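Undergrad: Each chain, written out:
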Amino acid sequence: MSLLRNVTRGLRSLLRKEQVDQELNEELGTYQEMAAEEKMQDGMSRKDALRAVRLERGSLELTKEVVRSGGWESFVETCWRDLRVASRTLRKSPGFTVVAVLTLALGIGVNTAIFSALNATIFHPLAYENPEQLVMVWGVEPKGCCRHGGMVFSSPNFLDFKDQNRVFEKMAAFDGTEFTITSLENPQRIHAGRVTADFFTLLRARPMLGRTFLPGENEPGRDHAVVLSYGIWQRCFGSNSNVVGQTIRLDANEYAVVGVMPRDFDFSIPSYYGPMDVWVPIVLSRDNSERKHNYLNVLARLNPGVTVRQAQAEANIIAARLRREYSSTTEQSNAPSTTTAETNEHSAVILGAKLEPLRDEIFGDVGLPLLILFGAVGFVLLIACANVANLQLARASARQKEIALRTALGASRGRVARQLITESVLLALVGGALSLLLVFWLIKLLTGLLPAGMPQGTSITIDANVLLYSLMLSLATGLLFGLAPIFQAFSRSPSESLKEGGKTTATGDGGLRLRSLLTVSEIALSMVLLIGAGLLTRTFVGLLNVRPGFETENILTAKVSLPKYSYADSRQQADFYTRLLEAIATLPGVKAAGAVNDLPLGAGRDSDEFTIERRGSKDMSSSTGSSQDRLISPDYFRVMNIPLIKGRTFTKADASSAPPVVIISQSFARRFFPSEDPLGQHITFADPAATAPWPTIVGVVGDVRDLALDADPDIEIYAPYQQNVLPYNPLPYMSLVVRTVGDPSSLTSGALAEIHELDKNLPLPEAEPMTAVYSASISARRFNTLLLSIFAGIATVLAAIGIYGVISYLVTRRTHEIGVRIALGAEARNILTLIVGRGLLLAIFGVVIGLAGALAVTRVLAKMLFGVTTTDPATFVGVSALLIGIVLVACYVPARRAMRVDPMVALRYE
Amino acid sequence: MGDKSSDLVQGTLDMLVLKTLALEAMHGYGITIRIEQMSRGVFRLNAGSLFLAIQRLERDGLIESEWKPTENNRRAKYYALTQKGRKRLDNETREWGRQVAAIARILEAS
Chain A
163 MSLLRNVTRG
173 LRSLLRKEQV
183 DQELNEELGT
193 YQEMAAEEKM
203 QDGMSRKDAL
213 RAVRLERGSL
223 ELTKEVVRSG
233 GWESFVETCW
243 RDLRVASRTL
253 RKSPGFTVVA
263 VLTLALGIGV
273 NTAIFSALNA
283 TIFHPLAYEN
293 PEQLVMVWGV
303 EPKGCCRHGG
313 MVFSSPNFLD
323 FKDQNRVFEK
333 MAAFDGTEFT
343 ITSLENPQRI
353 HAGRVTADFF
363 TLLRARPMLG
373 RTFLPGENEP
383 GRDHAVVLSY
393 GIWQRCFGSN
403 SNVVGQTIRL
413 DANEYAVVGV
423 MPRDFDFSIP
433 SYYGPMDVWV
443 PIVLSRDNSE
453 RKHNYLNVLA
463 RLNPGVTVRQ
473 AQAEANIIAA
483 RLRREYSSTT
493 EQSNAPSTTT
503 AETNEHSAVI
513 LGAKLEPLRD
523 EIFGDVGLPL
533 LILFGAVGFV
543 LLIACANVAN
553 LQLARASARQ
563 KEIALRTALG
573 ASRGRVARQL
583 ITESVLLALV
593 GGALSLLLVF
603 WLIKLLTGLL
613 PAGMPQGTSI
623 TIDANVLLYS
633 LMLSLATGLL
643 FGLAPIFQAF
653 SRSPSESLKE
663 GGKTTATGDG
673 GLRLRSLLTV
683 SEIALSMVLL
693 IGAGLLTRTF
703 VGLLNVRPGF
713 ETENILTAKV
723 SLPKYSYADS
733 RQQADFYTRL
743 LEAIATLPGV
753 KAAGAVNDLP
763 LGAGRDSDEF
773 TIERRGSKDM
783 SSSTGSSQDR
793 LISPDYFRVM
803 NIPLIKGRTF
813 TKADASSAPP
823 VVIISQSFAR
833 RFFPSEDPLG
843 QHITFADPAA
853 TAPWPTIVGV
863 VGDVRDLALD
873 ADPDIEIYAP
883 YQQNVLPYNP
893 LPYMSLVVRT
903 VGDPSSLTSG
913 ALAEIHELDK
923 NLPLPEAEPM
933 TAVYSASISA
943 RRFNTLLLSI
953 FAGIATVLAA
963 IGIYGVISYL
973 VTRRTHEIGV
983 RIALGAEARN
993 ILTLIVGRGL
1003 LLAIFGVVIG
1013 LAGALAVTRV
1023 LAKMLFGVTT
1033 TDPATFVGVS
1043 ALLIGIVLVA
1053 CYVPARRAMR
1063 VDPMVALRYE
Chain B
4 MGDKSSDLVQ
14 GTLDMLVLKT
24 LALEAMHGYG
34 ITIRIEQMSR
44 GVFRLNAGSL
54 FLAIQRLERD
64 GLIESEWKPT
74 ENNRRAKYYA
84 LTQKGRKRLD
94 NETREWGRQV
104 AAIARILEAS
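Protein chains in written order, with this note's numbering: chain A, 163 to 1072; chain B, 4 to 113.
Bear in mind the hints are in silico, worked out from the structure with no lab data behind them.
Here the structure is a predicted model, which is why all the values come from computation and not from measurement.
We put the CB at the ideal spot given by N, CA and C, even for glycine.
Heads up, some of the hints might be wrong.
Unchecked claim - Listed next, the in silico EDC-like pairs over lysine to aspartate or glutamate satisfying Cα-Cα at most 16 Å (straight line):
1. Lys-226/A / Asp-210/A
2. Lys-179/A / Glu-239/A
3. Lys-71/B / Glu-185/A
4. Lys-90/B / Glu-67/B
5. Lys-22/B / Glu-61/B
6. Lys-22/B / Glu-67/B
7. Lys-1025/A / Glu-416/A
8. Lys-721/A / Glu-928/A
9. Lys-80/B / Glu-95/B
10. Lys-80/B / Asp-183/A
11. Lys-80/B / Glu-195/A
12. Lys-80/B / Glu-188/A
13. Lys-71/B / Glu-188/A
14. Lys-721/A / Asp-760/A
15. Lys-753/A / Glu-715/A
16. Lys-721/A / Glu-195/A
17. Lys-726/A / Glu-416/A
18. Lys-80/B / Glu-185/A
Claimed, not checked - Chain B residues, not near chain A, derived (Cβ > 10 Å throughout):
19. Thr-15
20. Lys-22
21. Leu-55
22. Glu-61
23. Arg-89
24. Asn-94
25. Thr-96
As the list claims (entries may be wrong) - Some chain B residues flagged as far from chain A (calculated, every beta-carbon gap over 10 Å):
26. Gly-14
27. Met-18
28. Ala-28
29. Gln-40
30. Arg-43
31. Val-45
32. Leu-48
33. Gly-51
34. Gln-86
35. Leu-92
36. Glu-95
37. Glu-98
38. Trp-99
39. Leu-110
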């Protein structure tokens, strides 16, 4: 109530200033008259009476001022007045204003841009109810656990885990597959999530239409239900709200549409689980023979009040119990005592379980780099502030007189400080507003540069949060660099300033000391950034020099998928690929054509457990392990230029009827056949007890960095695609690799045309050169390195401008002294040494502080480095030298001016 | 010639103005004179402090104003206590009495 009244009265005074003023005038006039009248009744003259009243009660003008400044509105009014004065002052020195505003826009702009990226990703709450309760559950591999590559679960393991735990409210399993919708006019290849029935209820995601899956729909025979995503509902079903209840055909099977999810439901995890078009129930089995077939991702929701740590403890117990219970079934029971520790480890069904909060799972890869970049742009902004403060200090010496005059005329220090701060904040706000243009452009750049698969990467926008952040940052920036001129203004008494008549040859050195301090901090901050950028750049260059083990130039790739309904068995599929490869190999410009199910450095990978038959050893025990496995065509190694070390490659003769064969990688050979010849040994992915013939190792090839350039090559097994050696049938898709004579992209249409030549109904794949696959695999590093380098570059340029400004100021101030020196016979060289020496001193101070800072700070980069330590001496020395060099150049320009000082002119100055 | 109003305990001027207006509506000068008379000249009010206090009280809704002619046929702004102001005055008088009594007890005890 009274607040409202206060506000309305205040507004009235602001908006109807004249009327309010007039009323106050009249009221005070009456007051004065009444007081004077009383005095006059005592016999005073009117003049005396008025004077007496003024003395007794205070002057009318002063009273008015007091009353006016009593309400809050007067604060607004002063601010407004200060703003007007400030904008007038700034307009009067356009050079300063433009430079300051641009510097600030740059500093605020890069900050806001990185903030907008954070805002769209890790600051963005996951779109599920109580998302902090959601965790992914991974099995632990013999090698240890790693995110996005931890072991997935087998169906019986998942079901046991689910039954035995008491910490999860719900557990759901899911994987992904591809279907072709055949009930539409144009058959379409779509991504389908296969999920357990409580997948949606676990996420507490409600359908927009219809329902999600019922508990019984994971049973065989009842699983032909499908939930549509909003996207496909719009795209393929014309947003028809009667779609629920209709039947659609996925591959050759009929599915009843039971529901449609809302637009904002998008369960995807970067790098291995993309957005899905539809969801279907997954059928799980408790059959023990399935126990080693690991393919399920597991998502769980913690019980209320249970922490991730508590759940982890329980998961460890369950995993240990499962291991005890089932590991014996997979080991050769006749000779357990002779198995080595390593083989024992490999034979475990499940070694442990690791929980990873869903948020980390989704944002873990981008969070740290973005936060580091956020820190970096913070440094850039600080440097920008220091620069603007420096500029203001240069101006402040010229304004010293104006300020002294104001103080002498009765302005309080607070009042002057407010005026100065208003000026700084105005500058910052203009800079901030201008920076939005930069942000707009930077966001476009960021979105384009973002590593592939970055979650919600395309939704970086300028929203209310970003605007608010930008505004707050501008205000804070203004207050920060606004301190410098205030500090300067009050460092001397007004009488001193007035006496000097505003000359720049002031005796006080406070300004210069402050400016030197600012410059030293700028150099130190840039030093830290440059070292960070240096370390990342060295990492990146190091990566580019890593030999992946295969060639990337002149290879065209395309992932060809075959729908199950028309290519039912693996024979048909293999036939198709064979004919396709033969056709492509004869195209002009093609040297060789091969195929592989998962490209090295691509997203896909398979890892399976195998058993080696120890024919040579006495105890006939076997060793088991898990390795990467790839299905390839005979020409794959030739196309990729992967060297054959021993034995032979596959040929056309290794057909489905021929004896099964495999080729292993060099590190596989080293690890499992350290002292024997791997050729001729037998190895299987099937149940060792089965009667089928064991595949023979016929060759050893060079190691390939198949997972990532910065990961050591995994042990690897290759199998010919015509044979069913691997425990799964991945032939529904193969990636073509075509070695070309010239630019691989020029062959795109020719090669793809061959697909339609064989089957007109196949959807055409996207083709890209192998170099693109290679470069996508390091896109995240490229992003971080590039951005940090840009920011370090900006920081260095700003710091160079800063030191240039300080040295120029020094030269101007000491022109007289330099003139005297020259007149007394100093040579140009001495003057140069004098000036540059000063700059060098600042630079060395800055570099030393920066080195100390960098040593403390670069630790955060540790996870992002490869082949370089966080204290890499070469980077530290190189960056120091570079920065000192830049400072010397920045000093040289004003120093030359100093050398050319004409003593006659300089001395006449006085 | 000192500003005697500064001798007033912080915040008490508001209470005195309210008390003055509790008897009858009055203009600014009238309030000044009344306070000075009732304090037998101990407090002297300058115009600035008075009108600041009036502005504050009015914004808090404790008093309200009206332009009226004076007995000498001048136009003056008369202030009167509102319901809320009367309540506030009662409260503050009571509180003041409690505090004065307490302070007196402390001072006499030593």
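Undergrad: So, against the hints stated earlier in the document, which numbers end up violated here?
TA: 1, 7, 9, 16, 21, 22, 32, 33
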